[in-house]
Amino acid sequence: MRGTAAQEFLRQSVEKTADLEHRRIIRWNIDNYDTAVNRGKSRFADWQAARDRCQQVKREALARLDDYLLQFEKQVVARGGKVFWASNSEEARNYVTELAVARGVKRIVKSKSMVTEEIHLSPALEKAGIEVWETDLGEYIVQLRNEPPYHIVTPAMHLTRLQIAELFRAKLPDVTADDHQSLVAAARRALRKAFFSSEMGISGANFIVADAGMIAISTNEGNGRLCTSVPRIHVAVTGIEKVVPRLQDLAVLWPVLATAGTGQPITTYSTLIGGPRQPGEADGPEEFHVVLVDNGRSQLLADPEQREVLHCIRCGACLNACPVFRHVGGHSYGTTYQGPIGSVLTPHLRGQDFNHLSFASSLCGACAEVCPVRISLHHHLLENRRNAVRTAGQPWKEGMGFKLWSWAMRSASRYRVLTGLARRAARILYSMGYEGSWIDPAAAWTAYRAAPAIPRQSFRQWWESQDGKR
Amino acid sequence: MPRVALFIPCFVDQLSPQVGIDMVQVLRRIGCETYFPSEQTCCGQPAFNSGFWDEARPVAERFVRVFENAEAVVCPSGSCTTMVRNFYRDLLADSPLREVAAALAGRVFEFSEYLVKIAGVEDVGAEFPHRVTLHESCHALRELHIQSEPRKLLSRVRGLELVELPHSEECCGFGGAFAVKFGMISAAMGDAKAANVDSTQAEYVTAVDPSCLLHLEGILRHGKHRARTIHLASILACESSREKGAAL
Numbered sequence: 001m002r003g004t005a006a007q008e009f010l011r012q013s014v015e016k017t018a019d020l021e022h023r024r025i026i027r028w029n030i031d032n033y034d035t036a037v038n039r040g041k042s043r044f045a046d047w048q049a050a051r052d053r054c055q056q057v058k059r060e061a062l063a064r065l066d067d068y069l070l071q072f073e074k075q076v077v078a079r080g081g082k083v084f085w086a087s088n089s090e091e092a093r094n095y096v097t098e099l100a101v102a103r104g105v106k107r108i109v110k111s112k113s114m115v116t117e118e119i120h121l122s123p124a125l126e127k128a129g130i131e132v133w134e135t136d137l138g139e140y141i142v143q144l145r146n147e148p149p150y151h152i153v154t155p156a157m158h159l160t161r162l163q164i165a166e167l168f169r170a171k172l173p174d175v176t177a178d179d180h181q182s183l184v185a186a187a188r189r190a191l192r193k194a195f196f197s198s199e200m201g202i203s204g205a206n207f208i209v210a211d212a213g214m215i216a217i218s219t220n221e222g223n224g225r226l227c228t229s230v231p232r233i234h235v236a237v238t239g240i241e242k243v244v245p246r247l248q249d250l251a252v253l254w255p256v257l258a259t260a261g262t263g264q265p266i267t268t269y270s271t272l273i274g275g276p277r278q279p280g281e282a283d284g285p286e287e288f289h290v291v292l293v294d295n296g297r298s299q300l301l302a303d304p305e306q307r308e309v310l311h312c313i314r315c316g317a318c319l320n321a322c323p324v325f326r327h328v329g330g331h332s333y334g335t336t337y338q339g340p341i342g343s344v345l346t347p348h349l350r351g352q353d354f355n356h357l358s359f360a361s362s363l364c365g366a367c368a369e370v371c372p373v374r375i376s377l378h379h380h381l382l383e384n385r386r387n388a389v390r391t392a393g394q395p396w397k398e399g400m401g402f403k404l405w406s407w408a409m410r411s412a413s414r415y416r417v418l419t420g421l422a423r424r425a426a427r428i429l430y431s432m433g434y435e436g437s438w439i440d441p442a443a444a445w446t447a448y449r450a451a452p453a454i455p456r457q458s459f460r461q462w463w464e465s466q467d468g469k470r
Numbered sequence: 471m472p473r474v475a476l477f478i479p480c481f482v483d484q485l486s487p488q489v490g491i492d493m494v495q496v497l498r499r500i501g502c503e504t505y506f507p508s509e510q511t512c513c514g515q516p517a518f519n520s521g522f523w524d525e526a527r528p529v530a531e532r533f534v535r536v537f538e539n540a541e542a543v544v545c546p547s548g549s550c551t552t553m554v555r556n557f558y559r560d561l562l563a564d565s566p567l568r569e570v571a572a573a574l575a576g577r578v579f580e581f582s583e584y585l586v587k588i589a590g591v592e593d594v595g596a597e598f599p600h601r602v603t604l605h606e607s608c609h610a611l612r613e614l615h616i617q618s619e620p621r622k623l624l625s626r627v628r629g630l631e632l633v634e635l636p637h638s639e640e641c642c643g644f645g646g647a648f649a650v651k652f653g654m655i656s657a658a659m660g661d662a663k664a665a666n667v668d669s670t671q672a673e674y675v676t677a678v679d680p681s682c683l684l685h686l687e688g689i690l691r692h693g694k695h696r697a698r699t700i701h702l703a704s705i706l707a708c709e710s711s712r713e714k715g716a717a718l
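Chains as they are written, first to last, in the working numbering: chain A, 1 to 470; chain B, 471 to 718.
Just so you know, these hints were derived from the structure itself, not from any lab. Do not take every clue at face value.
[Stated by the list, open to error] Chain A stretches covered by chain B per the calculated footprint, using a threshold of three residues with CB under 8 Å from any CB of chain B:
id, region
1, 48 to 61
2, 271 to 285
3, 363 to 376
[Unchecked claim] Residues of chain B clear of chain A, computed beta-carbon distances all greater than 12 Å:
id, residue
4, A589
5, E597
6, K694
Glycine is no exception: its CB is placed at the ideal position from the N, C-alpha and C atoms.
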């Protein structure tokens, strides 16, 4: 482990795992999620077959990613839209910011988009003097708290209704009561004003549909449609890996995304957008821009071992399934994408300072088991660990330790002598009451657990003592 | 009589030898001839999981050579079985022993899997008059797809009352080096597991992986919980007529 990101993760993990109220809230939310998702999956004639199909579609898309993206671009341009190819965060940020400044935009409404979080778009816009309103309720709540989203699908999962009520009373003018409806109504009143006074709307895209030349957006609150149709300018920011070959692929991807994400059969609003307002149309924006963000993705595409990480449809299922996420919570990661997918992906997006996340896993595989597009997440964590040791190295003590270990394990007699000595030393140490003290070499273990009773005899000693006597 | 090579993981050899001994007793009782290739050390998983593949590889190659002539290899740990069966493929992808390892992978079995699927035995003549709950060890469950086997075996143990563990498929928090590098997360996961065990009012929590149990036993004792851990092999080793020390 190295660098401050790793230290910060450790610090936050210690704090959050000790916070029983936090653990209770997350557990409660995820238990509800589990119930909804199990019900959702049972609606499928064959959930496993649906996963297979989604995996196939994504594989097909990645195999000819360039062709599909060009096919998409051609049609958007033909309808009068613009497509900008951003090779990194900075290019994407600059394009949107410069566009907003050039058009004299003062206020922007945003619907939920993790890619805009990834490229740190809002701070750049705010720096240019533009007001940015998150309009997804969860995103709006964390924005009011000056916090990043806690979870890629459920940004305010860590908060209770009462905490939100307290926040709203402090920040919004007319909060009448603490019940769900009153709180939603208060947010709605504030957001309505923003929708109708913004010059630009920013959205993400859940899918880029190549044959139709459209982006597909799944939302639940209606804010997505307002963001993309009311303001004069609509900018969609999305990752290049979101492309799918055919419109008909959404027939499986839409319900699978909704089911894995929240347990819904399909999200409340499923929107397809192919360009700005066309001649003869009554509404829609005057300008339509799509920013296609690479930001490390084509590097991942070139890696046959981990290419499938780009299958991810950002449903959040692996976060909810992850026992580490459940205990440390979303903010501890310090990344845009939390949980298993974040631990796998972030070193590719942000470099070796985030290698430690791949080690912060028990490799239980619950993530891969629930992934609707069948990404072998825990196996990729193992590969990341290997890559981390090869390229970034590990603390010298660990490196030396494993060299010594490897040498010892390559001879049964060395193994026998060394383990025998270690066992004897541990017996003496623990019999003298040094368990868990500073001289206990296993203190990292015994700090949280009672030490095991160290047996006098190993299995092989037992075997030799009885061999032939059976 | 089937001849079975015993694969005793290093930490079982050193820290939980009784699990190995109990496995031998059960295998002998159902008529297997057992032998212990004394050249074995470790399968290489600790280094592999920590990212030190170059250090793990020669240890894995050594394991393959030690066991290459065995007809069947039986191991009392789902995780170490997984290492040989699933992960050697990746670790030894460029090794000259790659083919030998792939062939060996098909002959290495986790203990409960061997009993039920290969030996075709569910009733091993055990008696264990206690209230027991079953934790599903992750590697056995998700890598080897072992789920019904331990249940089948437990259901035939005389006197044993099997109670369902809530969230039995959730990781106990062990995870090898993870348990030490991220002790506080590991322990929090263990605490959640211990709370679920408490809710069953079981006297024992069992599993097919002694590594989960080593961690969980430490958590249960540290937190002054009532339940104790016991490996499946140790339950099955308790013969009907005489009850052996259960907590060994």
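Each hint tested on the structure:
no. : hint       : result
1   : 48 to 61   : violated (count 0)
2   : 271 to 285 : violated (count 0)
3   : 363 to 376 : holds (count 6)
4   : A589       : holds, 18 Å
5   : E597       : holds, 22 Å
6   : K694       : violated, 10 Å
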